[in-house]
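Colleague: Protein chains in written order, with the numbering used here: chain Z, 168 to 470; chain D, 168 to 470.
These are calculated hints, taken from the structure and not from any lab test. Check the hints yourself; a few may be wrong.
Since copy identity is lost for identical chains, a pair holds within one copy or between any two.
[As the list claims (entries may be wrong)] Straight-line distance between alpha carbons at most 30 Å, and here's what the computed DSBU-like set of lysine-lysine pairs gives:
hint	residue 1	residue 2
1	K350	K435
2	K432	K373
3	K392	K230
4	K385	K350
5	K209	K432
6	K171	K451
7	K170	K432
8	K204	K435
9	K171	K468
10	K432	K350
11	K204	K380
12	K392	K350
13	K269	K380
14	K170	K392
15	K252	K435
16	K435	K170
17	K197	K385
Keep in mind the model is a prediction, meaning the values are calculated, not measured.
Number of protein chains: 2
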Amino acid sequence: MSKKAVFGIDIGGTSLKCGLFSATGNLIRKDEIPTRKEENGKYIFDDIRAYIESVLIQEDMSKDDVIGVGLGVPGSVTEDGTVNKCVNLGWGVFNVIEAAAKNLGIDESKIAVGNDANMAALGEYWQGSGVGYRSTLFVTVGTGVGGGLIIDGVPVNGANGAAAEIGHLPIIDGLDWQCTCGKTGCLEQVASATGIARLAGMNNAKEVFDAAKDGDAKALEVVEKVSMYLAKGLACVAGVTDPDVFIIGGGVSAAGEYFIERIRKYYKMLVFHPSTDTDIVLAKLGNDAGMYGAARLVLVKGI
Amino acid sequence: MSKKAVFGIDIGGTSLKCGLFSATGNLIRKDEIPTRKEENGKYIFDDIRAYIESVLIQEDMSKDDVIGVGLGVPGSVTEDGTVNKCVNLGWGVFNVIEAAAKNLGIDESKIAVGNDANMAALGEYWQGSGVGYRSTLFVTVGTGVGGGLIIDGVPVNGANGAAAEIGHLPIIDGLDWQCTCGKTGCLEQVASATGIARLAGMNNAKEVFDAAKDGDAKALEVVEKVSMYLAKGLACVAGVTDPDVFIIGGGVSAAGEYFIERIRKYYKMLVFHPSTDTDIVLAKLGNDAGMYGAARLVLVKGI
Numbered sequence: 168m169s170k171k172a173v174f175g176i177d178i179g180g181t182s183l184k185c186g187l188f189s190a191t192g193n194l195i196r197k198d199e200i201p202t203r204k205e206e207n208g209k210y211i212f213d214d215i216r217a218y219i220e221s222v223l224i225q226e227d228m229s230k231d232d233v234i235g236v237g238l239g240v241p242g243s244v245t246e247d248g249t250v251n252k253c254v255n256l257g258w259g260v261f262n263v264i265e266a267a268a269k270n271l272g273i274d275e276s277k278i279a280v281g282n283d284a285n286m287a288a289l290g291e292y293w294q295g296s297g298v299g300y301r302s303t304l305f306v307t308v309g310t311g312v313g314g315g316l317i318i319d320g321v322p323v324n325g326a327n328g329a330a331a332e333i334g335h336l337p338i339i340d341g342l343d344w345q346c347t348c349g350k351t352g353c354l355e356q357v358a359s360a361t362g363i364a365r366l367a368g369m370n371n372a373k374e375v376f377d378a379a380k381d382g383d384a385k386a387l388e389v390v391e392k393v394s395m396y397l398a399k400g401l402a403c404v405a406g407v408t409d410p411d412v413f414i415i416g417g418g419v420s421a422a423g424e425y426f427i428e429r430i431r432k433y434y435k436m437l438v439f440h441p442s443t444d445t446d447i448v449l450a451k452l453g454n455d456a457g458m459y460g461a462a463r464l465v466l467v468k469g470i
Numbered sequence: 168m169s170k171k172a173v174f175g176i177d178i179g180g181t182s183l184k185c186g187l188f189s190a191t192g193n194l195i196r197k198d199e200i201p202t203r204k205e206e207n208g209k210y211i212f213d214d215i216r217a218y219i220e221s222v223l224i225q226e227d228m229s230k231d232d233v234i235g236v237g238l239g240v241p242g243s244v245t246e247d248g249t250v251n252k253c254v255n256l257g258w259g260v261f262n263v264i265e266a267a268a269k270n271l272g273i274d275e276s277k278i279a280v281g282n283d284a285n286m287a288a289l290g291e292y293w294q295g296s297g298v299g300y301r302s303t304l305f306v307t308v309g310t311g312v313g314g315g316l317i318i319d320g321v322p323v324n325g326a327n328g329a330a331a332e333i334g335h336l337p338i339i340d341g342l343d344w345q346c347t348c349g350k351t352g353c354l355e356q357v358a359s360a361t362g363i364a365r366l367a368g369m370n371n372a373k374e375v376f377d378a379a380k381d382g383d384a385k386a387l388e389v390v391e392k393v394s395m396y397l398a399k400g401l402a403c404v405a406g407v408t409d410p411d412v413f414i415i416g417g418g419v420s421a422a423g424e425y426f427i428e429r430i431r432k433y434y435k436m437l438v439f440h441p442s443t444d445t446d447i448v449l450a451k452l453g454n455d456a457g458m459y460g461a462a463r464l465v466l467v468k469g470i
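Take the sequences, apply the hints, and build the full model.
Modeller: Now the structure itself:
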C-alpha cells in the first residue's frame, strides 16, 4: 500500500487542527495542538515542523511520502501566498509559502495556503455536505458572518481576497448600527450570533433560539427576521453565481433544521425563480472542515 | 500565413451578428444577416450554413481552416448545449450543438454555444473593456438588467443558468411594483431603462438623463437613486465574487461617464472596503460584444 499522504492544517487563533489524509481523501489521523501566538506567532511553523516529523515517525512514512502540506490561515491570502496580517496569530505581512517551505524543509511547490473560510468551504465541498454538488456557497454564521465560494471544485478568492464576504452585503435597510467594517446596513449586523442576541435583547443567540422554540413571541419574531435577511443574502448569491447548494455552518447553525427550514422558506420567496430549488443544508464537518479543505487545496493545485 | 479562423455568431431576435476572427482574436470581417423567425426559427441554421459557405469562398478558406463556430443564443443554455426555449427566436427545447453540427456539416466538437449575455461578457473581457483584467461582471442596463460573469477567463453559467442575473437581486425595499419575474423588490424594477422612465414619469431613460443633465431636479433625483441602487447591486456582486472590474453596457450606458461616475460614488459608499477600488468602466464593443464572446468561447474550450 502506498504511504503517500497529504497534511491539512487549519491554523486558528487557539489551536492548529491537523489532519493527515490519503490522496483519495480518507482521514488517516487527526490531531490538535495549541497555537503559540507569542512573539508574533513566530513559533507556529516550528510547531508544525515538529508535528509533521513526529507523525512521519509514528506512521512509518518518509518525507518523500508527503504529497504536500496545505495550510488554512485566518486572514486574506493573495494568489502567491502572501498574508496581509493575521491579527489572531500576531502575524504581519509575509509570504506563507516561502516561510513554510523554509521552516518545514519542504519544497515550495508542495505547499498550498488559503484563507480559513475558503478552506472550510472546500472541505465541506470535498468531504462534507457538498459531496455530489458542483458549486457551493458555504456560510458560517458565528460571531460574524463569513463564507467561502467554490465554483466547479475550485475556491474563488476574488481580486481583493473578498469573495464570499457575505456578512458585508449591504442589504439591511432601516438600521443604523455601525458594523465593525465601518458601514451600516451589513447583513452581519442582524444575521450573526451578535446581531441575533442584540435584536432580541438577550445574552446570546442560543438563548434566542431556545426562547423561540419555547414560543416566546419576541424571540420568534427575531428568528424569522434573521432567517429572512440571511435568505436575502443567499438570494443575492444565487443571482450572482447560482450555486447548486448552500451549506450553513458556524456556531449559530447549531440551531439546526429549525433554523434552516426558515431560511429555506424566505429564500424561496426572494430568489429569482430558476434558482428556487437550490438546496440549503447544514454543514457536516464542524471545526474539522478547514483542515479537510487545506488538504484538498494541495490536491486541487495538482502538487 | 495560416488561414485558420473561428466564427462567432450572436443569434439575436432581429439579426445574426457574425464575425470571423483569427485564432489570436483579430476581427477579419463582420456581417449582419436578418433573423428568420418563421416556422419556429427553423431556417436560422440554414442561413448560418449559407453564410459560412459564402465566407469561406470569399476568404479563400476551406472547411478545414475553421477552428470552430461559436454561437450566442438569447436564453439559458445547459452545459451540454441544450436550450430551454428561446422565445425571441421561436425555438423550443433542443440541443443546439447537435442541431448546429448536423445543419452546418461541422463536427460537434467544433461547435460551442452560450447564453448571449455571457457571450457579451466574454467578448468585452477578451477584446473590450475587460482587457488586462482577470475577472469581471458585465452588466447590461437596457429594457431589463442582465449580465455575464467571467472568473479567470471562464464564463460562469450557474447551476440553473441563472448566474449574473443581477436584475433580479432582491434589493429594492419599499417598492411594490411587480417585476416580470413575479416578485417585487428586483433591482431591474428601478435600474433598467423601463424603471428609470417610470420612476421619473417620463417617456424613456434618455429623456430622464437629458433632463438631469439640464438640471431638472426630479430627473436628477431619479438618476441619483438609480445609480445608488445599481451600485448596491455591484456591491453585492463584490461581496460574492469580488471581480477586478465591472463593465457597464446596454442602451442606458449611452448616458456615459455622467452615469458611471455616479455609480462609482455610491459603490464606494456601499461596498465592503477591500473592494473599494474595483474599477467600474463603460463597455466598448456595443452590439458586437456577443459575436466576439461566441468566438472566444470556442477558443476557451480549446476546440
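Colleague: Take the hints in turn and mark each one as holding or not.
Modeller: Results of checking the hints against the structure:
Taking the closest pair of Cα atoms, K350 and K435 come within 30 Å of each other both inside a single copy (28 Å) and across two copies (11 Å). Taking the shortest Cα distances, K432 and K373 sit within 30 Å of each other inside one copy (21 Å), while across copies they are farther apart (40 Å). For a Cα distance limit of 30 Å, the shortest separation of K392 from K230 qualifies neither inside one copy, at 53 Å, nor across copies, at 61 Å. For the identical chains of this complex, K385 and K350 are neighbours both inside a copy (27 Å) and across copies (28 Å), given an alpha-carbon limit of 30 Å.
In this assembly of identical chains, K209 and K432 lie within 30 Å of each other by CA distance neither inside one copy nor across copies; the values are 48 Å within and 42 Å between. Taking the closest pair of Cα atoms, K171 and K451 come within 30 Å of each other only inside a single copy of the chain (26 Å); across copies the shortest separation is 51 Å, beyond that limit. Taking CA atoms no more than 30 Å apart as the test, K170 paired with K432 passes in neither setting, with 47 Å inside one copy and 57 Å between copies. When the C-alpha separation of K204 and K435 is checked against a cutoff of 30 Å, the pair qualifies neither within a copy, at 45 Å, nor between copies, at 35 Å.
When the C-alpha separation of K171 and K468 is checked against a cutoff of 30 Å, the pair qualifies only within one copy, where the shortest distance is 16 Å, while the shortest distance between copies is 33 Å. Taking identical chains as interchangeable, the C-alpha atoms of K432 and K350 lie at most 30 Å apart whether they share a chain (29 Å) or sit on different chains (15 Å). Neither within a single protomer nor between protomers do K204 and K380 lie at most 30 Å apart by alpha-carbon distance, with minima of 40 Å and 58 Å respectively. Taking identical chains as interchangeable, the C-alpha atoms of K392 and K350 lie at most 30 Å apart whether they share a chain (20 Å) or sit on different chains (19 Å).
With identical chains, the CA atoms of K269 and K380 are never at most 30 Å apart, being 53 Å at best within one copy and 60 Å at best between copies. In this homomeric assembly, K170 and K392 never come within 30 Å of each other (Cα to Cα): the closest approach is 51 Å inside a single copy and 62 Å across copies. For the homomeric pair K252 and K435, the shortest alpha-carbon distance between copies (23 Å) is at most 30 Å, but the shortest distance inside one copy (39 Å) is not. Proximity of K435 and K170 under a CA criterion of 30 Å is satisfied in neither setting, with 47 Å inside one chain copy and 52 Å between copies.
For the homomeric pair K197 and K385, neither the shortest alpha-carbon distance inside one copy (43 Å) nor that between copies (64 Å) is at most 30 Å.
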